[in-house]
Every structure is written in C-alpha cells, then in structure tokens.
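> This is what each chain is made of:
2 protein chains.
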Amino acid sequence: MSAEAFRQHGRAVIDWIADYLEHIEQHPVQSPLKPNDVRAQLPAHPPERGESFEQMLRDVNEIILPGLTHWQSPNFFGYFPANTSYPSILGELLTAGLGVQGMLWATSPACTELETHVLDWVVELLDLPREFRSTSAGGGVIQDTASSATLCAMLAARERVTGNATNERGANGTLTVYTSQQTHSSIEKAATIAGIGRANLRLIDVDDHFAMKPASLRQTLRADRAAGKVPAFVCATVGTTSSNAIDPVREIGEICREEQLWLHVDAAMSGTAALCPEFRHIHDGLELADSYCFNPHKWMFTNFDCDCFFVRDRAALVRTLSILPEYLRNTATESGNVIDYRDWQIPLGRRFRALKLWFVIRHYGAEGLRGLVREHISLAQEFADWVRESDRFELITDPPLNLVCLRHIEGDGRTQAILKSINDSGRAFLTHTKLNDRYVIRVSIGGTRTRRQHVEALWRQLRDLA
Amino acid sequence: MSAEAFRQHGRAVIDWIADYLEHIEQHPVQSPLKPNDVRAQLPAHPPERGESFEQMLRDVNEIILPGLTHWQSPNFFGYFPANTSYPSILGELLTAGLGVQGMLWATSPACTELETHVLDWVVELLDLPREFRSTSAGGGVIQDTASSATLCAMLAARERVTGNATNERGANGTLTVYTSQQTHSSIEKAATIAGIGRANLRLIDVDDHFAMKPASLRQTLRADRAAGKVPAFVCATVGTTSSNAIDPVREIGEICREEQLWLHVDAAMSGTAALCPEFRHIHDGLELADSYCFNPHKWMFTNFDCDCFFVRDRAALVRTLSILPEYLRNTATESGNVIDYRDWQIPLGRRFRALKLWFVIRHYGAEGLRGLVREHISLAQEFADWVRESDRFELITDPPLNLVCLRHIEGDGRTQAILKSINDSGRAFLTHTKLNDRYVIRVSIGGTRTRRQHVEALWRQLRDLA
Chain A
200 MSAEAFRQHG RAVIDWIADY LEHIEQHPVQ SPLKPNDVRA QLPAHPPERG
250 ESFEQMLRDV NEIILPGLTH WQSPNFFGYF PANTSYPSIL GELLTAGLGV
300 QGMLWATSPA CTELETHVLD WVVELLDLPR EFRSTSAGGG VIQDTASSAT
350 LCAMLAARER VTGNATNERG ANGTLTVYTS QQTHSSIEKA ATIAGIGRAN
400 LRLIDVDDHF AMKPASLRQT LRADRAAGKV PAFVCATVGT TSSNAIDPVR
450 EIGEICREEQ LWLHVDAAMS GTAALCPEFR HIHDGLELAD SYCFNPHKWM
500 FTNFDCDCFF VRDRAALVRT LSILPEYLRN TATESGNVID YRDWQIPLGR
550 RFRALKLWFV IRHYGAEGLR GLVREHISLA QEFADWVRES DRFELITDPP
600 LNLVCLRHIE GDGRTQAILK SINDSGRAFL THTKLNDRYV IRVSIGGTRT
650 RRQHVEALWR QLRDLA
Chain B
200 MSAEAFRQHG RAVIDWIADY LEHIEQHPVQ SPLKPNDVRA QLPAHPPERG
250 ESFEQMLRDV NEIILPGLTH WQSPNFFGYF PANTSYPSIL GELLTAGLGV
300 QGMLWATSPA CTELETHVLD WVVELLDLPR EFRSTSAGGG VIQDTASSAT
350 LCAMLAARER VTGNATNERG ANGTLTVYTS QQTHSSIEKA ATIAGIGRAN
400 LRLIDVDDHF AMKPASLRQT LRADRAAGKV PAFVCATVGT TSSNAIDPVR
450 EIGEICREEQ LWLHVDAAMS GTAALCPEFR HIHDGLELAD SYCFNPHKWM
500 FTNFDCDCFF VRDRAALVRT LSILPEYLRN TATESGNVID YRDWQIPLGR
550 RFRALKLWFV IRHYGAEGLR GLVREHISLA QEFADWVRES DRFELITDPP
600 LNLVCLRHIE GDGRTQAILK SINDSGRAFL THTKLNDRYV IRVSIGGTRT
650 RRQHVEALWR QLRDLA
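As given, the protein sequences belong to chains A and B, one line each in that order. Each number in this note's numbering comes from the position in the first sequence (counting from 1) with 199 added on. Each number in this note's numbering comes from the position in the second sequence (counting from 1) with 199 added on.
Don't read these hints as lab results, they were simulated from the structure. The model shown is predicted, which means the values in this text are computed figures rather than measured ones. Just to be clear, a hint being listed does not mean it is correct.
Note: identical chains are not told apart, hence a pair may lie in one copy or across any two.
Claimed, not checked - In silico SDA-like pairs for lysine to any residue, Cα to Cα no more than 25 Å straight-line:
no., residue 1, residue 2
1, LYS619, LEU594
2, LYS633, ASP539
3, LYS412, GLU525
4, LYS428, THR361
Bound conformation, chain A alone (with noise of 0.2 Å):
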C-alpha cells in the first residue's frame, strides 16, 4: 500500500469510526446473530491475491458489524465497561504507526520512560500511597489484564516466601493463597498457572455486603499453618465483579503484616472512582498493599489494553521475573539506571501502550474525568433509588459506587425472563451474576457515552417488563 492509498484509506476509517460510534445506538446491542454465521460468509481459503481496501471495508460492514455486540453503545450495561474515546483512539493509532517495541529501555527510551512518568501521574491522579511512584522502591507498569497484574503479584509473592526457592526448584504443594468468595476468576486462574493449585486456594467467607471478612481470614490462616501450610499471599478486591463489593483493605493488610503476607489489591474496575476525593475511601489502607491494579481500559475511558500495576518493592517483582539472555544485554541495562519493563512481565515484547493513556491524561484533564465519574456514579445511585421505590424490583445491596444489582420480586424466572427480553430486544444489553443463590441483574454504568437519557430509557423498559 502506498503511502497515498494509506492517506486515503485511513481518512475513510476514520470517518467510518466516528460514523460508528455516532450512529451507534442504530444497531441492536446484542449481535443477533447464532453461530457460525459469521464464518458462513467468508471464503473457505485466503486469497492468493490482493484485494482492494475497499472490499475489506464494505465486508467490515456486511460480515463483521452484524456480529459485534456494540460495547461501546451507551445502552450496554453488561460485565463492566470497556471504555474506548477518541483521543485513546488516536493514541493506539499512533502506537501502532511507530511500531516500536519497549521490551528494554534501550529499544526505545521514550516508551518505557512515558510510561514510568504517567504511572507517576496516576498515583498523584488517584492519590495512590507514595510507595507506588518510580522515585520510590515501587513502581508502575502497564499490564494488558487484572488477570496478568494479579499472576505477577501472586509469583512474586511466591518467590518471596519460599525465598526464590520455587524460581528453583519448583513449587511443592504447600503453599496457600487467600481471597473471598466473591472474587474475579483471575484469581483462581493464577493459582492454578503458578502452580499452587486450586486446592490450596482459599476462599474466604463474605459478610452482608459480599466483602472479605477479615475474621474469617485470620481464622483461615490460623488453620492452614497449623496444618503445615505455608500462606504467601492475599488478594483483596476493591470492588468484587458480581456487586462491587468493598473488600476492608486496611482491616486485611493488618493481618498481612503481622502475618507477613504479600497483600494484592484488585480494583480492576472501581479503582478509577479513586479519581474523585469523596470516593477515596474505597482504598483506605493501601498503604499496607505490596502491589494494586486497575483498569483504565475499563472505566477511564481508554481502550483495552491498558491495566496500570503498581508494586512496592520492584526488586521484588523483577527477581521473580527477570531473564537475561545474551542477546537482550546492552551498556543501559547494565548500568542499573534504568527500567526494563520485560522483567515487570508475562511476555517479552510490548507495545507503547502508555501513548494513548498520556492523550487520554491529557485530553480529558483530571478535571474532565473526575465529571464523568461522578456522573456514571451518580445516576446509578438515582437508578438505585428508582429501585428502591419500585413494587416490583429489590435491590440486593446498597450500590457502592456505579453497579447497581436487582432482581425482580417474583424470582429467578422471572428475573431472567426479563433480562432475556431486554437483550432480545437490542434496545439495551445486561448480564446477571448470582448472589446469595439467587439470579440477579447487574446494571454496570460507566460507558464513555452512557449519559441520563440512556439510564433513564433502560430503567422504563425494565419497569415495563415488570
């Protein structure tokens, strides 16, 4: 392709992107479509020859978009968002024209270096403790998923309790790792990966509001060791995917530090709301964590991937991670001076992902993104209250922050019947979860484009169903 035909297709992606997310709400939210309709209309071999841009573009239209479930339409409520905008856009734009891979700080200074610096800034941004900044022992990466920020947390806290033991020889079946029953699945993925296994990860008991009881963690830990089992690590949750539920950091990193625990917070989604002064609580006693994770490509308006990990001890994590072939040493590395941020990570090569979180920083302005949070939380807890003054609908728990869980009076059936007839409808999009053993609706807002009217038209055609 030419760099003239690149001009000209890539004005025409473009316009067709922002026709996209303008018209969006035209096309229903859920693809309609069952499977295998979608590769029914491709063709059975690749083309021994080129084809046009043109038709690429048109079978994006006819092929593709019929299948997509619009995420970023303002009426999906579904899981939790995951937020795109249009500077992130052109931030992943640029990241993919430059093409340059920040494995070592050496293959490209300014791609580790704007990275640590914007890291910095989320810090200050979500007033995260001070251990987290590069200019302590800590620091900031950029991960793809929670789920892999929470696999490095967890192999750093093994090494550390086995005293690099397992790096050596291998795990040995004697380690326990803590988290409530609410947790993300990522959680049970990574104990699995690192080889501790399903059997010795413990979930512990929830109070009323589905977060960890501290308690019960204490009583858990006394077991184990007087089992012979070895704990290493705890993962608390700021914000639980099924409710949003407040795990009680500061209660669970006290225990931590007595018992000597690597101390994991998971705010994948929730941790944005720290954006805001007056929802700081939800970290209260950080300070006590060993790493934290959250997820800007969820509810800060940048687009997958983009997880920021935080550790308070990088020597930590980069002992646990770190390989050095002769192929990848330069003079840089050498000189201790500087970051490689492939030793903060699962894979070796990575992308400038830290470009499009600077525009987004920067376009926005904290004043700007704290105004969209406050909204999306503050229209969840009016939906909260038009449940609550509903005869039909109850709430399962007082939202904390821009998850809202209901379930109609009548039961499972029904409440699922609802849910079918709303997705069905293309109008809106929900998921449900289970809490208490029961089938719940979770109305999750937060998206770039979610605005009062959207909020407003869901909670009618709920009302209507019911």
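Model the placement of chain B on the given structure of chain A, informed by the hints.
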C-alpha cells in the same frame, strides 16, 4: 472530543504516520538519548484541565520522537523484526474504534469467528498439519506473544502428565521440561512461572549448527526418569534467536511420541518462511507436535501483538485454563457449539486482533507475502556470500533463512567496536549475541521496508569499518 474534532485530528495522525514512515530514514535508527532525557521534558504533574490535541502531537514530535529507536526503519537489522504495515495499522485502528471484547463468543461473535477462520487460513498458507485446524480436534488462537503461547503449552503439558493433579494440588517439584541450549529466554521464564522451577529445566546440547541433538535429549530423558523425575514437555525451536538454528523437529517429535511428552514448536520469527513451499522443510515433522506458534508481528507485516498459537487437542488447553464464574455464563457457551477464547489464554479480556491479520493477508494476498519473504531470504543469502568472500569478516554458520551471524576475524573486541560504531552512527542498527563464547553480530533482514539498497549500504558501512 467531538466527532468532528476526531475526524480532523484523525486525519492529522494518519498524515503524521504516512510522513513518519516515508521519511523514517531521516532519523538516527537508534535513539541517541540518555536515561531520563525524556522524563526531564515532561511536566511533573498531570494536567488539571484538558489540553489541545495539537499540543499533544507537537510533544510527540519534540519529546517522544527523539527518544525512539526506529523499529520500522529499513535500516533496522537488530533483534528480530517487529513489522507493521499500512493495512495492519488500519486494522488496529478499526479494532480500537470498535472497542469490543472477545473473551467469549457471546461478547462479540464476529471477533471469535473471524479469528478462528483466519487461523484456519494460516494453517493453509503455511501448509501446517491439518490437526491444527478448527475443524479437527485442535485449532488456533491469537496470543500476544510467543512467550505467552509457550507458557500455555507448558501448562497444558503439566496438566496432562499429572492427570490434572497440578491444577488441583500444585506442582510438586518432580516435573522436568526440555529445550536446547540455544532456546529463547521465554522457555526458562515459563518454567519458573508454572512452578516447575529453573532447576527442572534441561538445556539440551546442540550440534555444530546450534540445533538440538536428539541423542542428547534421549540420554537426558533416560537419566531423569532413572532419577525419579517426571518429564512433561519439550520445546523445539524453528529459528533460534541467536543464529536461526532449526531444531530437527521430526527426530525430536519421534522421541516425544515414544516418551509420551508434549512437544511444542516455537517458530516465532521463522515460521513465516513456510509461506513459500521451498522453505517448508523447516517444519518437517510438525505433524508430531502438540502445539506450535509463530508471530505474524515479527516477519508477517502485522503490528505487535499477534502470535498465532495452534494446538492439536484444544480440549487439553481448555481443561487447563477454563474457569467459568456465574457472571460469564451464557447459553452459547453452555451449548458447547462455540469457542470461548478466554479459555485459550492467560488473561480474560481480549481485543479484536484478527482484524489486522485479516487485512494483512487480504491486502498482500499469499503471493504478495511470499514475494517479500523470498526477497528478504535472498538478500540475506547474498549478504552471507559477501561475508564469505571478505577477508575481514567470517560467517559463524550458514544462515538457514534471513539471519546472518558474523564476526571480525580479529575477535570480540574489534567486532564489538564495529557494532557500536554502526549503532552510534545512526545509519543502521544491529544487535549481538554470543555463539561458542564468541561475540557475534546478528544481521536480521526482514523489515517491511527493507530492500536491496539498505542491505548494500549496511555491508558498505561494515566493510569500511573493518
């Protein structure tokens, strides 16, 4: 940012990228900056109010650009290539604009189905074993990197040999894994992550061409079994990082069949050569492998990240990595008729990476891709001839494909000084390795924009310095 502003800034970024790539040779290939040069120019605090996009793009020019090592320069011959191309950039742009999540089939059917379909195309393009097609018991998936693919393969192997006991109870320190002394650092990293441990990684001897010696593998396996170890996994490399050595996959595969070991084949850079029938000998015996990966983001003009990972038995992979919490349950998953790619990888979330690969294959066509690969290999072979004819340099080994390893006849000091001169000149960029304990310059020829004149200019510069 309004849609109109996005259209305007989007055009500016498209033009910026076209200008950058068309004039990329104006920049020194290696960034001349020193540690902290970039950070020193960035404001200490994040902005309270939003800034203009024009200002951001100015900062990219003034602060970021001088801090880059230009991987897309035709004069970049370091490491392995990390290619981008115009159609790939447009695919990545569209992915960022759509902002859909492909963790489940249900979260965007087209995202999953296009990926499965294009990976079946790749099986055909590279003439890979039919067992890797989705229509068999196997299938393909896009991972971020070969590091992650190898880790997934090792985890599936770990579970197979322990009858899933590791997932339940944790690794026990008896498993052993095997690869060559010339292997990539990611195999060691995977062994430590999986809790197998460095001490249980066996680095098998290599022959004069730096390829694994099957007899040594057999001997080591025998000794390990005699010592009560449980061999689990072998990784063969097709195109090692240091010298592009091709391990004898067929002989290694036969041993793995006899010994019932999982064979993973890592062809991260070199796999792309199999686009051309005349180079498919590198994959001889691949039908004996349990898994295989190569990176279109290296030599197939698809921007990072895009690793194609194939398995013969997808059930083994899914069994290892699947966790299904209530909030991800859906009727499509329960029907068993769809692929949920979250069960094929470490993270949960995933972006729509198949779009860019689809665009690249369709834009170039099989014929166009083969043409570029043939050109790079032919240039490397010619370059090797120039080295053979030179009385100042010597070849370390006959280059199998597109990587040439050479040294100055006066030894390490002189070779190292020449490499430094070239990188400091900014006219080209090279990296080194050690082979047989000697310092060696690697000339990796595979850039999207690298043509005869760039390779000739590099040789002139090397000759002048020698």
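> Let me make sure I understand: some of the numbered hints might not hold for this structure. Which ones are they, in numerical order?
none
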